[in-house]
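Residue strings, one per chain:
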Amino acid sequence: RKEVEQDPGPFNVPEGATVAFNCTYSNSASQSFFWYRQDCRKEPKLLMSVYSSGNEDGRFTAQLNRASQYISLLIRDSKLSDSATYLCVVKGYNTDKLIFGTGTRLQVFP
Amino acid sequence: ETGVTQSPTHLIKTRGQQVTLRCSSQSGHNTVSWYQQALGQGPQFIFQYYREEENGRGNFPPRFSGLQFPNYSSELNVNALELDDSALYLCASSLGVGGTEAFFGQGTRLTVV
Chain U
1 RKEVEQDPGP FNVPEGATVA FNCTYSNSAS QSFFWYRQDC RKEPKLLMSV YSSGNEDGRF
61 TAQLNRASQY ISLLIRDSKL SDSATYLCVV KGYNTDKLIF GTGTRLQVFP
Chain R
1 ETGVTQSPTH LIKTRGQQVT LRCSSQSGHN TVSWYQQALG QGPQFIFQYY REEENGRGNF
61 PPRFSGLQFP NYSSELNVNA LELDDSALYL CASSLGVGGT EAFFGQGTRL TVV
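Here the protein sequences come in this chain order: U and R.
Everything in the first sequence is counted per this note's numbering, starting at 1 for the first residue and increasing by one.
Everything in the second sequence is counted per this note's numbering, starting at 1 for the first residue and increasing by one.
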């Protein structure tokens with residue numbers, strides 16, 4: 001079983017749509033959680049950290065459920081520029097080792 | 001931009017050859033991690049260097065080795081290249097271990113033929 005599992009997609013949505021990505025992780029000792037965005041043939045970039053209380057950054061909302069070991073990302077009012085691969089990432093305690101999911105590809109069309 | 005630079009950006013090597021990839025960390029960052037990203041996959045942790053010492057290693061064979069220099073730049077060496085080593089190699093720099101954001105370089109795309 002992979003340590004971090006994501007639906008690879010692709011998710012094809014029209015501009016303005018709301019889209020949700022889900023992710024599960026296997027190690028209950030994981031301490032930190034993130035969503036990264038990766039454009040085609042580019043490096044991953046941190047989109048947002050994920051907290052148990054949930055957090056929002058503009059059109060993006062991230063949620064963490066530690067009991068279910070489940071992370072989500074909600075994108076509202078999708079833009080063409082949101083087209084990318086979204087990587088779910090977890091990190092253990094006192095380590096910089098990032099464990100990535102395979103990524104979920106999003107394609108927003110006009 | 002992140003301030004993390006990698007060289008070269010692209011490279012083609014023949015099976016069995018050796019390759020060295022380089023990474024300059026962001027100013028002030030003393031920790032460098034290397035990742036391998038195969039096509040259609042998420043990045044996989046290779047190893048990390050903290051203050052010139054290896055500080056954790058992923059599930060990669062010994063022919064993957066590294067080095068960190070006093071200025072905190074780093075090299076990834078791969079011996080006896082195999083076709084499956086074809087991937088995007090990413091380095092990420094951070095300040096200290098555990099808890100700080102890692103910034104990725106643009107990567108080196110290695111093709112083994």
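None of these hints come from the bench; they were simulated from the model.
C-beta atoms are modelled at their ideal positions from N, C-alpha and C, and glycine is treated no differently.
Be aware that a few hints might be false.
Claimed, not checked - Below, a list of computed lysine to aspartate or glutamate pairs in the EDC-like style, where the Cα atoms sit at most 20 Å apart:
(1) K79/U / E52/R
(2) K97/U / E82/R
(3) K91/U / E54/R
(4) K91/U / E5/U
Unchecked claim - If the Cβ cut is set under 7 Å, some of the chain U residues that face chain R in the computed set are:
(5) R37
(6) D39
(7) E43
To be verified - To give a feel for the contact side, a few chain R residues facing chain U, derived at Cβ under 7 Å:
(8) G42
(9) F47
(10) N59
(11) F60
(12) A87
(13) L90
We went through each hint and held it up to the structure:
{"no.": "1", "hint": "K79/U / E52/R", "verdict": "43 Å, violated"}
{"no.": "2", "hint": "K97/U / E82/R", "verdict": "25 Å, violated"}
{"no.": "3", "hint": "K91/U / E54/R", "verdict": "18 Å, holds"}
{"no.": "4", "hint": "K91/U / E5/U", "verdict": "14 Å, holds"}
{"no.": "5", "hint": "R37", "verdict": "11 Å, violated"}
{"no.": "6", "hint": "D39", "verdict": "11 Å, violated"}
{"no.": "7", "hint": "E43", "verdict": "4 Å, holds"}
{"no.": "8", "hint": "G42", "verdict": "3 Å, holds"}
{"no.": "9", "hint": "F47", "verdict": "9 Å, violated"}
{"no.": "10", "hint": "N59", "verdict": "11 Å, violated"}
{"no.": "11", "hint": "F60", "verdict": "13 Å, violated"}
{"no.": "12", "hint": "A87", "verdict": "12 Å, violated"}
{"no.": "13", "hint": "L90", "verdict": "6 Å, holds"}
Checked against the numbered hints given earlier, the structure breaks hints 1, 2, 5, 6, 9, 10, 11 and 12 and satisfies all the rest.
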